[in-house]
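If you're matching them up, the sequences are chains L and S in order. Counting in this note's numbering, the first sequence tops out at residue 526, every number present. Counting in this note's numbering, the second sequence tops out at residue 526, every number present.
The hints are simulated quantities; they were obtained by calculation from the structure and are not laboratory data. Just so it is clear, the structure is predicted and the values come from calculations on it, not from any experiment. Heads up, some of the hints might be wrong.
Treat identical chains as interchangeable: a pair holds within one or across any two.
In silico BS3-like links for lysine-lysine, alpha-carbon gap of 27 angstroms or less [as the list claims (entries may be wrong)]:
{"no.": "1", "residue 1": "Lys2", "residue 2": "Lys15"}
{"no.": "2", "residue 1": "Lys282", "residue 2": "Lys139"}
{"no.": "3", "residue 1": "Lys350", "residue 2": "Lys322"}
{"no.": "4", "residue 1": "Lys139", "residue 2": "Lys522"}
{"no.": "5", "residue 1": "Lys282", "residue 2": "Lys322"}
{"no.": "6", "residue 1": "Lys19", "residue 2": "Lys508"}
{"no.": "7", "residue 1": "Lys19", "residue 2": "Lys2"}
{"no.": "8", "residue 1": "Lys15", "residue 2": "Lys369"}
{"no.": "9", "residue 1": "Lys369", "residue 2": "Lys2"}
{"no.": "10", "residue 1": "Lys508", "residue 2": "Lys2"}
{"no.": "11", "residue 1": "Lys369", "residue 2": "Lys230"}
{"no.": "12", "residue 1": "Lys230", "residue 2": "Lys322"}
{"no.": "13", "residue 1": "Lys230", "residue 2": "Lys350"}
{"no.": "14", "residue 1": "Lys19", "residue 2": "Lys369"}
{"no.": "15", "residue 1": "Lys350", "residue 2": "Lys522"}
Number of protein chains: 2
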Amino acid sequence: MKLQGLSILGQHRAKPSGKPTAAMNPATGAALEPDYFWATGSDVEQAAQLADRAFVEFRRWPAQRRAGLLRRIAELIEANATAIQERANLETALPLGRLQGETGRTCGQLRLFASLIEDGWWLDARIDHADANRKPLPKPDVRSLLAPLGPVVVFSSSNFPLAFSVAGGDTASALAAGCPVIVKPHQGHLGTSELVGLIVQQAAGECGAPEGIFSVLFGPGREIGTALVKHPLIKAVGFTGSRAGGRALMDAAAARPEPIPVYAEMGSINPVFLLSNVLQQKAEELAAGMHGSVTLGVGQFCTNPGLAFVESGAAAAAFSKKLETLMGSTPPGTMLTADLCSAYRAGVEKFSRAAGVRRAASVDAGAGKAQAGAALFVTDAAAFLGNHSLMEEVFGPSTLVVECASREQMLAAARRLEGQLTATIHGTPEDLAANGELVELLTQKAGRLVFNGFPTGVEVCHAMTHGGPYPATSDGRSTSVGTRAIERFARPVCYQNFPDAALPDELKEANPLGIWRLVDGKPGCH
Amino acid sequence: MKLQGLSILGQHRAKPSGKPTAAMNPATGAALEPDYFWATGSDVEQAAQLADRAFVEFRRWPAQRRAGLLRRIAELIEANATAIQERANLETALPLGRLQGETGRTCGQLRLFASLIEDGWWLDARIDHADANRKPLPKPDVRSLLAPLGPVVVFSSSNFPLAFSVAGGDTASALAAGCPVIVKPHQGHLGTSELVGLIVQQAAGECGAPEGIFSVLFGPGREIGTALVKHPLIKAVGFTGSRAGGRALMDAAAARPEPIPVYAEMGSINPVFLLSNVLQQKAEELAAGMHGSVTLGVGQFCTNPGLAFVESGAAAAAFSKKLETLMGSTPPGTMLTADLCSAYRAGVEKFSRAAGVRRAASVDAGAGKAQAGAALFVTDAAAFLGNHSLMEEVFGPSTLVVECASREQMLAAARRLEGQLTATIHGTPEDLAANGELVELLTQKAGRLVFNGFPTGVEVCHAMTHGGPYPATSDGRSTSVGTRAIERFARPVCYQNFPDAALPDELKEANPLGIWRLVDGKPGCH
Numbered sequence: 001m002k003l004q005g006l007s008i009l010g011q012h013r014a015k016p017s018g019k020p021t022a023a024m025n026p027a028t029g030a031a032l033e034p035d036y037f038w039a040t041g042s043d044v045e046q047a048a049q050l051a052d053r054a055f056v057e058f059r060r061w062p063a064q065r066r067a068g069l070l071r072r073i074a075e076l077i078e079a080n081a082t083a084i085q086e087r088a089n090l091e092t093a094l095p096l097g098r099l100q101g102e103t104g105r106t107c108g109q110l111r112l113f114a115s116l117i118e119d120g121w122w123l124d125a126r127i128d129h130a131d132a133n134r135k136p137l138p139k140p141d142v143r144s145l146l147a148p149l150g151p152v153v154v155f156s157s158s159n160f161p162l163a164f165s166v167a168g169g170d171t172a173s174a175l176a177a178g179c180p181v182i183v184k185p186h187q188g189h190l191g192t193s194e195l196v197g198l199i200v201q202q203a204a205g206e207c208g209a210p211e212g213i214f215s216v217l218f219g220p221g222r223e224i225g226t227a228l229v230k231h232p233l234i235k236a237v238g239f240t241g242s243r244a245g246g247r248a249l250m251d252a253a254a255a256r257p258e259p260i261p262v263y264a265e266m267g268s269i270n271p272v273f274l275l276s277n278v279l280q281q282k283a284e285e286l287a288a289g290m291h292g293s294v295t296l297g298v299g300q301f302c303t304n305p306g307l308a309f310v311e312s313g314a315a316a317a318a319f320s321k322k323l324e325t326l327m328g329s330t331p332p333g334t335m336l337t338a339d340l341c342s343a344y345r346a347g348v349e350k351f352s353r354a355a356g357v358r359r360a361a362s363v364d365a366g367a368g369k370a371q372a373g374a375a376l377f378v379t380d381a382a383a384f385l386g387n388h389s390l391m392e393e394v395f396g397p398s399t400l401v402v403e404c405a406s407r408e409q410m411l412a413a414a415r416r417l418e419g420q421l422t423a424t425i426h427g428t429p430e431d432l433a434a435n436g437e438l439v440e441l442l443t444q445k446a447g448r449l450v451f452n453g454f455p456t457g458v459e460v461c462h463a464m465t466h467g468g469p470y471p472a473t474s475d476g477r478s479t480s481v482g483t484r485a486i487e488r489f490a491r492p493v494c495y496q497n498f499p500d501a502a503l504p505d506e507l508k509e510a511n512p513l514g515i516w517r518l519v520d521g522k523p524g525c526h
Numbered sequence: 001m002k003l004q005g006l007s008i009l010g011q012h013r014a015k016p017s018g019k020p021t022a023a024m025n026p027a028t029g030a031a032l033e034p035d036y037f038w039a040t041g042s043d044v045e046q047a048a049q050l051a052d053r054a055f056v057e058f059r060r061w062p063a064q065r066r067a068g069l070l071r072r073i074a075e076l077i078e079a080n081a082t083a084i085q086e087r088a089n090l091e092t093a094l095p096l097g098r099l100q101g102e103t104g105r106t107c108g109q110l111r112l113f114a115s116l117i118e119d120g121w122w123l124d125a126r127i128d129h130a131d132a133n134r135k136p137l138p139k140p141d142v143r144s145l146l147a148p149l150g151p152v153v154v155f156s157s158s159n160f161p162l163a164f165s166v167a168g169g170d171t172a173s174a175l176a177a178g179c180p181v182i183v184k185p186h187q188g189h190l191g192t193s194e195l196v197g198l199i200v201q202q203a204a205g206e207c208g209a210p211e212g213i214f215s216v217l218f219g220p221g222r223e224i225g226t227a228l229v230k231h232p233l234i235k236a237v238g239f240t241g242s243r244a245g246g247r248a249l250m251d252a253a254a255a256r257p258e259p260i261p262v263y264a265e266m267g268s269i270n271p272v273f274l275l276s277n278v279l280q281q282k283a284e285e286l287a288a289g290m291h292g293s294v295t296l297g298v299g300q301f302c303t304n305p306g307l308a309f310v311e312s313g314a315a316a317a318a319f320s321k322k323l324e325t326l327m328g329s330t331p332p333g334t335m336l337t338a339d340l341c342s343a344y345r346a347g348v349e350k351f352s353r354a355a356g357v358r359r360a361a362s363v364d365a366g367a368g369k370a371q372a373g374a375a376l377f378v379t380d381a382a383a384f385l386g387n388h389s390l391m392e393e394v395f396g397p398s399t400l401v402v403e404c405a406s407r408e409q410m411l412a413a414a415r416r417l418e419g420q421l422t423a424t425i426h427g428t429p430e431d432l433a434a435n436g437e438l439v440e441l442l443t444q445k446a447g448r449l450v451f452n453g454f455p456t457g458v459e460v461c462h463a464m465t466h467g468g469p470y471p472a473t474s475d476g477r478s479t480s481v482g483t484r485a486i487e488r489f490a491r492p493v494c495y496q497n498f499p500d501a502a503l504p505d506e507l508k509e510a511n512p513l514g515i516w517r518l519v520d521g522k523p524g525c526h
């Protein structure tokens, strides 16, 4: 597959237009071949029209056929894995080992959604039978199931160039639901996006999909992205990125004549609470775990723990001291883009200047524009509570330890937290029993509570929630990881008194697909 | 229960403040005792604070205890049914028979949600077991279930003074989910709202609920309503009413520092498609059915069919002629309020002046300010397609018949429709088979498709969808009728590697509540 630097419009390519932009190698600062042409307003229009027309047929595809498409995408990614990983390595500076793991995750996600839609229980099919003899009025036959929303725009993330990019979780779940997808790739990995985009295009062609179930439009989020979100044929948006970027899309979508849902995963600071007994038992081990989680992948995870709460004392001091040593001796790393690194440096600078905050460790990153050194800050709860900006995410290998004078002060600090993707508690069983109020509070603040672990590493499974109250995500009722992600792109459609032959197979009386359904209030495979 | 005209703040009453407003009898135009004092900004603050504090305890109530509260509300409504119905009859002009039916529906809804939360499957509890031996990384134990969002504001409807008012579907589903509720009652039935509000207050007290799980704030939507929606402690909004009112709340909620979901059911025109074979078989019978549905309850249903499509010809002419006769001989009726009636008259006037539209029947309503006469309009598809304002809802006993020159023209008109609560098709099996494209299209336009029936009468059951793409509702992924309504007020919360004792009962390994769960991808009661 030869890269051309052009957007993908269904089974075609966009024409070059305007001045092209170079793809960059963040490790060297050098440009990478080829240059990329941004999509035009007319490309946006064409992609939206194609997607809308394709939806008419695609929404009616049997689940098995959509599953076949998802599996074919996975196969083609695997067949081209080396080329994809090498390009991604050049564009993102993520090591090949990590990119191999991410390839596995990406293909695993595609196959998980393929199995999910074949199983069919996610459709929430429901049947309430008629009762002609009911008084005062006969009861009608009412049946419903989840149906796809329509064309979806996916803004891919910077930090998962495969698993949350062109054929990542948002795309997989939207296609699985029966929605056409238009991807606006992140500018940090243009070539990787084109490679994977061509694979999806090929798979769609091989599977006989109507043209337009998939397009890729390169360009700046502010222009191409906003035009896509405002387009009347677009029915939902998936996004992974910054709070400012996500909120701008939320506002644009809410201001449309027909508002549409935006699922923006905007990251969070993922607080870690180290309770007193466990801290006394293994302060240094916890410091090592914290260090590993904070610096993993140069700190570029949405679930990176940017905050640790400890109760002041000898154990807390031992924890901080060990963490200082580890953070201070972390080799600098290359971030995904120079822009992200420059934002990271500004964040570290802001924390360094904050009143009552001690810069406990800082690594000199050298001259490279994308090189980031780890940073550790320590403060007390009073200073933390007095400075709201200390609750802002610093995307990169930095964290802040907050020393609390008492359990009550820790609880007070927790109360002030904004919505989070995750909240983590380290404790003994006694700690947990003594901190019931904290657990309850964190249940209200976060989408996922982690016990005696660290928040980085998001398991792709049925029970996962990777989402949380605003501002962690735009919509805390949703998750972007795990099988529940498919529900974002569907709505219930109800059929009243329809003849059996005219019903979707999933709702036919005989249950020809053998799926799980709720019949007259009873769940079962009937 | 003596009416005092004062808002309800938890277990207390608000103090009188400002100039009171009279409750009105729409049939006579006379004021009803007592006058009502509007809630103040400080009442809003107090209700929100009480609800937030109550949520801490209420969210942890076992489902059975919440179910007990819902059932006690139903019992107390039944015990006071006569007083409630008599007051509602005076305030809304709805006949006692209808109000008796609505009482039954209201109590049925409360009991349905009580059973639902006892059954527990709605929680979507999911368990993915750990696998310590998985490579390259061990698999954690991940469990999740739906948890309540927090305090909910409910704006009650004008047209269901019981079933979609103070203790109606929104309140029942929010309380069932574990969310405190603050109701902003409709001004059309103030006394009914106070009576039912006092019942819920009493039930909450008897059941030992923390003060603040329920409040009622009287006042104008523009002021008290907007203040509630903007309050930072409010986490979701339910609304039934006009498109303008609903959109204003949507915009206010989207502009909050922390945007929150608004579930606004804003009504629609509920198109009815009368296909050619069935129309030839029973034009007059269909006209009678249409007439019954249009004029039921003086046309004051969200699902009132405001539009009928027919293919021109002898059968269509017979249908229109019969409908003319029936509509023209319908006695005038009293609408819920003089304001609604004045909006109805303006709508009828607008249709009467529209180019290419014939006023086929109109009933003189006499002098009463809330008296409405039925109206029938007939036009052709070309005129309909040329005038977008003919797609606007006229709330009341009016409908528009659109004569189409062909099946293609009917399809073209259907394509132009906005989002609808319902779409109805009358046809023979042959009609249905020949109009597959129409059915598919309507699936995308509406939340509920009705076959060979009429859309008024919304069955309260598991499979019901009373919602649809915007502008029928703010959020087509939701329903305000049926058990799925509870999902509006919940979000998934995930527990990773939690000790069994610290998990909610619904997620404990032994399944002590015996609820349906998804375990390692398999649905079942395990």
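Against the structure, the hints come out as follows:
no.	hint	result
1	Lys2 <-> Lys15	within (16 angstroms within a copy, 75 angstroms between copies)
2	Lys282 <-> Lys139	between (64 angstroms within a copy, 23 angstroms between copies)
3	Lys350 <-> Lys322	within (24 angstroms within a copy, 77 angstroms between copies)
4	Lys139 <-> Lys522	within (18 angstroms within a copy, 32 angstroms between copies)
5	Lys282 <-> Lys322	within (11 angstroms within a copy, 85 angstroms between copies)
6	Lys19 <-> Lys508	neither (55 angstroms within a copy, 59 angstroms between copies)
7	Lys19 <-> Lys2	within (20 angstroms within a copy, 76 angstroms between copies)
8	Lys15 <-> Lys369	neither (33 angstroms within a copy, 64 angstroms between copies)
9	Lys369 <-> Lys2	neither (29 angstroms within a copy, 74 angstroms between copies)
10	Lys508 <-> Lys2	neither (47 angstroms within a copy, 53 angstroms between copies)
11	Lys369 <-> Lys230	neither (35 angstroms within a copy, 43 angstroms between copies)
12	Lys230 <-> Lys322	neither (50 angstroms within a copy, 45 angstroms between copies)
13	Lys230 <-> Lys350	neither (35 angstroms within a copy, 31 angstroms between copies)
14	Lys19 <-> Lys369	within (24 angstroms within a copy, 66 angstroms between copies)
15	Lys350 <-> Lys522	neither (57 angstroms within a copy, 49 angstroms between copies)
Checked against the numbered hints given earlier, this structure breaks hints 6, 8, 9, 10, 11, 12, 13, 15; the rest are met.
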